[in-house]
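**Student:** Residues per chain, in single letters:
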Amino acid sequence: MKLAACVAALLLALGMPIAYWLAYATWRGKFLLEAVVALPLVLPPTVLGFYALLAMGPHGPLGKFWFVAFGHGLAFTFGGLLFASMFYSLPFAVQPLMNAFEGVDPRLLNAAAVLGAGPWRRFASVILPLSLPGIVAATVLCFAHTLGEFGVVLMVGGNLPGITRTASIAIYDNVQALQYGEANRMALVLLCFSFVVLAIVYGVNRHARRLWTPWTGR
Amino acid sequence: MPPLVPPFVLDVMLEIPAGISILFGPSGAGKSTLLDCIAGLVRPDVGCVRVAQEVWFDSQKSVDLPVHQRRVGYVFQSLALFPHLSVEQNIAYGIAQRAPQERSQRLEEVFQAFGIADLRRRKPAEISGGEAQRVELARALVTDPQVLLLDEPMSGLDEELKASIIADLRAWRTAKNIPILYVTHSKNEAQALGDRRIVMRAGRVIDQESAPMQG
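Protein sequences, first through last, are from chains X and C.
The numbering of the first sequence is our numbering, which starts it at -14 and goes up by one.
The numbering of the second sequence is our numbering, which starts it at 4 and goes up by one.
Check the hints yourself; a few may be wrong.
[Claimed, not checked] To give an idea of the interface, some chain C residues facing chain X are shown, with a C-beta separation under 10 Å as derived from the structure:
hint: 1; residue: P20
hint: 2; residue: A21
hint: 3; residue: T36
hint: 4; residue: C40
hint: 5; residue: D48
hint: 6; residue: V70
hint: 7; residue: V75
hint: 8; residue: Y77
hint: 9; residue: I98
hint: 10; residue: P103
hint: 11; residue: S107
hint: 12; residue: I181
[Said to hold, decoys possible] Quick list of simulated restraints, FRET-style, between CB atoms:
hint: 13; chain 1: C; residue 1: A120; chain 2: X; residue 2: R191; range: 30 to 40 Å
hint: 14; chain 1: X; residue 1: A23; chain 2: C; residue 2: R125; range: 53 to 63 Å
hint: 15; chain 1: C; residue 1: Q80; chain 2: X; residue 2: V21; range: 33 to 43 Å
hint: 16; chain 1: X; residue 1: G133; chain 2: C; residue 2: Q100; range: 16 to 26 Å
hint: 17; chain 1: C; residue 1: D61; chain 2: X; residue 2: G56; range: 35 to 45 Å
hint: 18; chain 1: X; residue 1: S179; chain 2: C; residue 2: S65; range: 33 to 43 Å
hint: 19; chain 1: X; residue 1: V21; chain 2: C; residue 2: P69; range: 57 to 67 Å
hint: 20; chain 1: C; residue 1: P103; chain 2: X; residue 2: M(-14); range: 41 to 51 Å
hint: 21; chain 1: C; residue 1: R125; chain 2: X; residue 2: H192; range: 11 to 21 Å
hint: 22; chain 1: X; residue 1: G56; chain 2: C; residue 2: P103; range: 23 to 33 Å
hint: 23; chain 1: C; residue 1: R124; chain 2: X; residue 2: F52; range: 56 to 66 Å
hint: 24; chain 1: X; residue 1: F180; chain 2: C; residue 2: A174; range: 51 to 61 Å
hint: 25; chain 1: C; residue 1: P103; chain 2: X; residue 2: R191; range: 34 to 44 Å
hint: 26; chain 1: X; residue 1: V27; chain 2: C; residue 2: E112; range: 30 to 40 Å
These are computed hints drawn from the structure, not numbers from a lab.
Remember, it's a predicted structure, so these values are computed and weren't measured experimentally.
C-beta: ideal position from N, C-alpha, C; glycine also.
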């Protein structure tokens, strides 16, 4: 839960500028960044975890930097798990945000500019409120996706109780130990949680669509 | 490789005095593009846009004032009210930086002038076409723009509503002595409003004439 909440909060902050740039930049090569952002969708989690582990290891760039800055390594720590999880869930933040930003009617942005709003005010007063369904979707999907993470967590975080053990790994451990009752209890909690989360996303989207219908003529 | 969009040539030299200038011309003549160039939404390759003593764009001197600093009032061809804001918030959007007292006073002025005080708490989805048109006009005018650009602001409205909005505009023109560029295909609107007519075709001005001043 702690990992999922941290990943969702950080990815929202990091995903917004990336999504904004992808939605509005006219640079021809932006498809390359789009491909990088979408990589975790197609890569096996173990591949991603393997490279994350190499980068965070004592000889990896991230691991070296972390050691110099904080005096200890990054792999098999909560911080390391956070880094890897953020990259793994990046498309779940960027895609809904980008779709939401792209969905904002450009005429509204032109109207705001003509009325004296600079880029920041246009973002805060037009793009953000009209993208609320996308923001809710991104937050909830990042949270839920991180909660169900398995492969990356196992590669980068190991399975240290209280530090890097996540719900999905705990279920796996219980099944391995033939403790089906405990595994079932945890799996049921995850199942119910996922359902509630998706219901919230769809509910918010429906409500926002009804509230913010642009004027289309009567 | 040929360009995906054929280049559009807009070759215009115009001096627009205070009052309402009607822009006539067939579709594709460059009327809306001309308005977009003045507002700064489209950047011309070469040329100059000057309003009173202020230079907004000058390709030779590399001057290109951002849209939000140009003090333009612009009513677009298709309505662009912010759907998440109330009518009052929409109109107040362009004067958010003013002192609260001045803001309230300006809002009351336009609410009365355009007869839309009853709509202030409603969202754009909850008002009719004529009301939305009025709100758009009020939103553009409340900022005290240096120039007002109206791109077919009454297309799709019935005659009664048009007459009423024309009356609003004429009253405003008398009160505020600013250049107003008004794009329309309607001869009735042109006759009722225009101090001056400018005819465009294929990106060029082909005729200009002054009309007798209307009330």
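**Student:** Would you mind marking each hint as holding or not holding in the structure?
**Tutor:** Here's how the hints hold up against the structure:
1. P20: violated (22 Å)
2. A21: Violated, because the Cβ-Cβ distance from C/A21 to chain X comes to roughly 20 Å (cut-off 10 Å).
3. T36: The hint is violated - C/T36 has no Cβ within 10 Å of chain X, the shortest such distance being about 14 Å.
4. C40: violated (13 Å)
5. D48: violated (17 Å)
6. V70: holds (4 Å)
7. V75: holds (6 Å)
8. Y77: holds (4 Å)
9. I98: With Cβ-Cβ at 8 Å, under 10 Å, it holds.
10. P103: violated (17 Å)
11. S107: violated (18 Å)
12. I181: This hint is violated: C/I181 lies away from chain X, its Cβ roughly 15 Å from the closest one there, beyond 10 Å.
13. C/A120 / X/R191: 30 to 40 Å: Holds, since C/A120 and X/R191 (Cβ atoms, about 33 Å apart) stay within the stated range.
14. X/A23 / C/R125: 53 to 63 Å: violated (42 Å)
15. C/Q80 / X/V21: 33 to 43 Å: Once the Cβ atoms are compared, 39 Å apart, the range 33 to 43 Å for X/V21 and C/Q80 holds.
16. X/G133 / C/Q100: 16 to 26 Å: violated (47 Å)
17. C/D61 / X/G56: 35 to 45 Å: Given range 35 to 45 Å: violated, Cβ gap about 58 Å.
18. X/S179 / C/S65: 33 to 43 Å: Roughly 55 Å apart at Cβ, these two residues miss the hinted range, so it is violated.
19. X/V21 / C/P69: 57 to 67 Å: With Cβ atoms ~31 Å apart, the hint is violated.
20. C/P103 / X/M(-14): 41 to 51 Å: holds (44 Å)
21. C/R125 / X/H192: 11 to 21 Å: Roughly 18 Å apart at Cβ, these two residues keep to the hinted range, so it holds.
22. X/G56 / C/P103: 23 to 33 Å: With Cβ atoms ~53 Å apart, the hint is violated.
23. C/R124 / X/F52: 56 to 66 Å: holds (59 Å)
24. X/F180 / C/A174: 51 to 61 Å: holds (59 Å)
25. C/P103 / X/R191: 34 to 44 Å: holds (36 Å)
26. X/V27 / C/E112: 30 to 40 Å: Cβ of X/V27 to Cβ of C/E112: about 59 Å, so the range 30 to 40 Å is violated.
In the structure shown, a violation is registered for the earlier hints numbered 1, 2, 3, 4, 5, 10, 11, 12, 14, 16, 17, 18, 19, 22 and 26, in ascending order.
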